[in-house]
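Asks: Could you build the full structure based on these sequences and the hints that come with them?
Chains as they are written, first to last, in my numbering: chain L, 204 to 532; chain D, 204 to 532.
Keep in mind the hints are simulated off the structure, nothing from the lab.
Please note: incorrect hints may appear among the correct ones.
Distance condition first, Cα-Cα at most 25 Å in a straight line; then the derived DSS-like pairs of lysine-lysine [what the hints assert, rightly or not]: (1) L:Lys497 x L:Lys356; (2) L:Lys417 x L:Lys323; (3) D:Lys512 x L:Lys417; (4) D:Lys415 x L:Lys323.
Not close to chain D: a few residues of chain L, all C-beta gaps over 12 Å, as computed [said to hold, decoys possible]: (5) Ala281; (6) Arg286; (7) Lys298; (8) Ala344; (9) Asp347; (10) Trp348; (11) Ile349; (12) Ala350; (13) Ala378; (14) Arg490; (15) Ala493; (16) Tyr494; (17) Lys497; (18) Gly513.
One side only, chain D facing chain L, incomplete, derived with CB under 10 Å [unchecked claim]: (19) Ile261; (20) Pro405; (21) Glu419; (22) Asn434; (23) Lys442; (24) Arg452; (25) Pro466; (26) Gln469; (27) Ser472.
The beta-carbon is built from N, C-alpha and C at its ideal position, and this holds for glycine as well.
There are 2 protein chains.
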Amino acid sequence: MKKIILKSILLLFLFANTVLADPLSSWNDTAPKKAIIAFVEKVTKPGSKDFVPIEERIATFDNDGTLWSERPLPFQCAFIFERIKALSSQNPQWKNTEPFASVIKGDINSAPVNINDANKDLLAMVLATQSGITTDEYEKAVTDWIAVAKHSKTNRLYTDMTLQPMLELLAYLRANDFKIFIVSGGSSDFMRPWAEKVYGIPPEQVIGSSIKTKFEFQNGKPVIVGIPELNSMTAGKGKPLAIQSHIGRRPIASFGNSDNDLPMMQWTSAGSGVSFCLYVHHDDDKREWAYDRKFIDPFDKGLDEALSKGWTVVSMKNDWKIIYPFEKK
Amino acid sequence: MKKIILKSILLLFLFANTVLADPLSSWNDTAPKKAIIAFVEKVTKPGSKDFVPIEERIATFDNDGTLWSERPLPFQCAFIFERIKALSSQNPQWKNTEPFASVIKGDINSAPVNINDANKDLLAMVLATQSGITTDEYEKAVTDWIAVAKHSKTNRLYTDMTLQPMLELLAYLRANDFKIFIVSGGSSDFMRPWAEKVYGIPPEQVIGSSIKTKFEFQNGKPVIVGIPELNSMTAGKGKPLAIQSHIGRRPIASFGNSDNDLPMMQWTSAGSGVSFCLYVHHDDDKREWAYDRKFIDPFDKGLDEALSKGWTVVSMKNDWKIIYPFEKK
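Replies: And the structure:
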């Protein structure tokens, strides 16, 4: 009985808190915030013609550029470059092979990294650094790196460069019983070690690109070891395919920032009921970065389609009070 | 405030119900039931040295032979055979090609279906019947079939041939905040349309074998279409690989009935904390079927390893009061 009373008090507290506090306090009271709230109220209100049962409240989020920054290059690249340097003594042939040679020289800007063109160079580096070791070893390497590595421009931890208004959006959706998935072109094995702590999204709700693996015994212990072969690339058209394969039902809300997210939004908005698509537009070169149609992962066709279809486009400059959590007063 | 009071009453009711009713009432009070309860109490008791936080309470279940029966052949085969017959007029070449020819003739027992040897024949039939149509169309075909198709021996709906003690086990684990996944060699697209209703397991927690897919537009509408190429086979060693790829954390409990589940159990039991592995042994030829070492999906190495490692082996004959839900009084 004591437990029940305690639970009731907790519920009352949560209830009061929800009513009193603004769940999207870092958002200006402009159109995007209003559109988000209108959508959530519509699908959660019992009896509403647009009501969506809890189990169907699936929301999918891109990661790079949507939940955290992605300049000058998606942050996983910094991890990969450091791994290549660390592994270079065991791989002397890399000194004469691009893209490894430029990365080892520290000349990252001249490295022929072209993640737009079939991700060829980046894929070669992912395969080289993620294969041949166990999933446990790779997880430890990511965990150790993310705890201390700092961004070259802000000198902040990468996990400090999450987008505060988007963290509030995650919490707001979660409070309204949405189940949130990350669907990112980045590696699932790179995101999972920290996504639960940073975003509150558990590993099983993090969908990313992956390499093939094998199951074997090492010293009598079963391990899973990476094979240098692509398993799936969850970018562009790969996003709806990954959603279907992993989640098995269509999201009712999707969030992204580039053309790589467009098929996910097309899939989301073609569902039979109400849906919501939101694009984050990086247009704030003072507080973050301003870029769209010309980045290696451009926001071009997606921007046109969002404008023509009336999807929500967030101007980071005009719609957000702050960008990063460390700006909070 | 009214909501809070209602919630408290509901909690009180659930609490009383949990304490009073036996959650595993179809299980005899033999060793397996005791082992299940001891494990669950150990990992859920705060302060226990074996306590496992809720988010890490991952349990993985095989489907065929573990959650429902699988004789004379896994039930998905019956669906596939019917699809082949239905599609045979559009595929006249099948009349002269095995395994299609025997299936069309209705001579299923003589069809060279060998799902043990790399699943070659079955795979050919899966690829032929699941590709070239959209995921929505395939889902409709499964839903329509499972609603009416009956088992040749029992004349019951296949969904009536779930194993009642295992349904109780699912509910018991769920009540103790376990997150339950199916990890089956069957197709995820075959299981997902009915698994939520029948087992309470949502599509995103159903992991199965899959074929490749493509994203395209048909009449201006985005669709996902099956391609006749295997994507992943989640049997045997494929089970821990699928667990790692889909869930991204190691289960603490696994449940199966054949050698195809052994790598999943090895992976589960090699975790750093406490774990639980349970095999269902089909030894009841009166109420169900008796088979193990000689079936197309044998329980042979798994049986030996379970016995040598002290995993829980359920005798359906001795440990279960009833087999199917329709036997309930």
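Asks: Look at each hint and say if it fits the structure.
Replies: Evaluated hints:
1. L:Lys497 x L:Lys356: holds (21 Å)
2. L:Lys417 x L:Lys323: holds (23 Å)
3. D:Lys512 x L:Lys417: holds (24 Å)
4. D:Lys415 x L:Lys323: Holds - the C-alpha atoms of Lys323 of chain L and Lys415 of chain D are around 21 Å apart, at most 25 Å.
5. Ala281: holds (22 Å)
6. Arg286: Given a closest Cβ separation of 20 Å, the condition holds.
7. Lys298: holds (33 Å)
8. Ala344: Holds: least Cβ distance 16 Å, greater than 12 Å.
9. Asp347: Consistent with the label, Asp347 of chain L stays out of reach of chain D, its closest Cβ about 18 Å off (over 12 Å).
10. Trp348: holds (18 Å)
11. Ile349: Nearest chain D Cβ is 16 Å from Ile349 of chain L, so the label holds.
12. Ala350: holds (19 Å)
13. Ala378: With a cut-off of 12 Å, Ala378 of chain L remains clear of chain D, as the shortest Cβ separation is near 15 Å.
14. Arg490: Fine: 33 Å to the nearest Cβ keeps Arg490 of chain L off the interface.
15. Ala493: With a cut-off of 12 Å, Ala493 of chain L remains clear of chain D, as the shortest Cβ separation is near 31 Å.
16. Tyr494: Fine: 26 Å to the nearest Cβ keeps Tyr494 of chain L off the interface.
17. Lys497: Non-interface label on Lys497 of chain L holds, nearest chain D Cβ at 25 Å vs cutoff 12 Å.
18. Gly513: holds (17 Å)
19. Ile261: holds (8 Å)
20. Pro405: Hint on Pro405 of chain D: holds, closest Cβ of chain L at ~6 Å, below 10 Å.
21. Glu419: holds (8 Å)
22. Asn434: Where the cut-off is 10 Å and the nearest Cβ of chain L is about 7 Å from Asn434 of chain D, the hint holds.
23. Lys442: holds (8 Å)
24. Arg452: With Cβ-Cβ at 5 Å, under 10 Å, it holds.
25. Pro466: The hint holds - Pro466 of chain D has a Cβ within 10 Å of chain L, the shortest such distance being about 6 Å.
26. Gln469: OK, holds: Gln469 of chain D within 10 Å of chain L, min 5 Å.
27. Ser472: For Ser472 of chain D, the interface hint holds, since the closest Cβ of chain L sits about 9 Å away, which is under 10 Å.
In the structure shown, no violation is registered for any of the earlier numbered hints.
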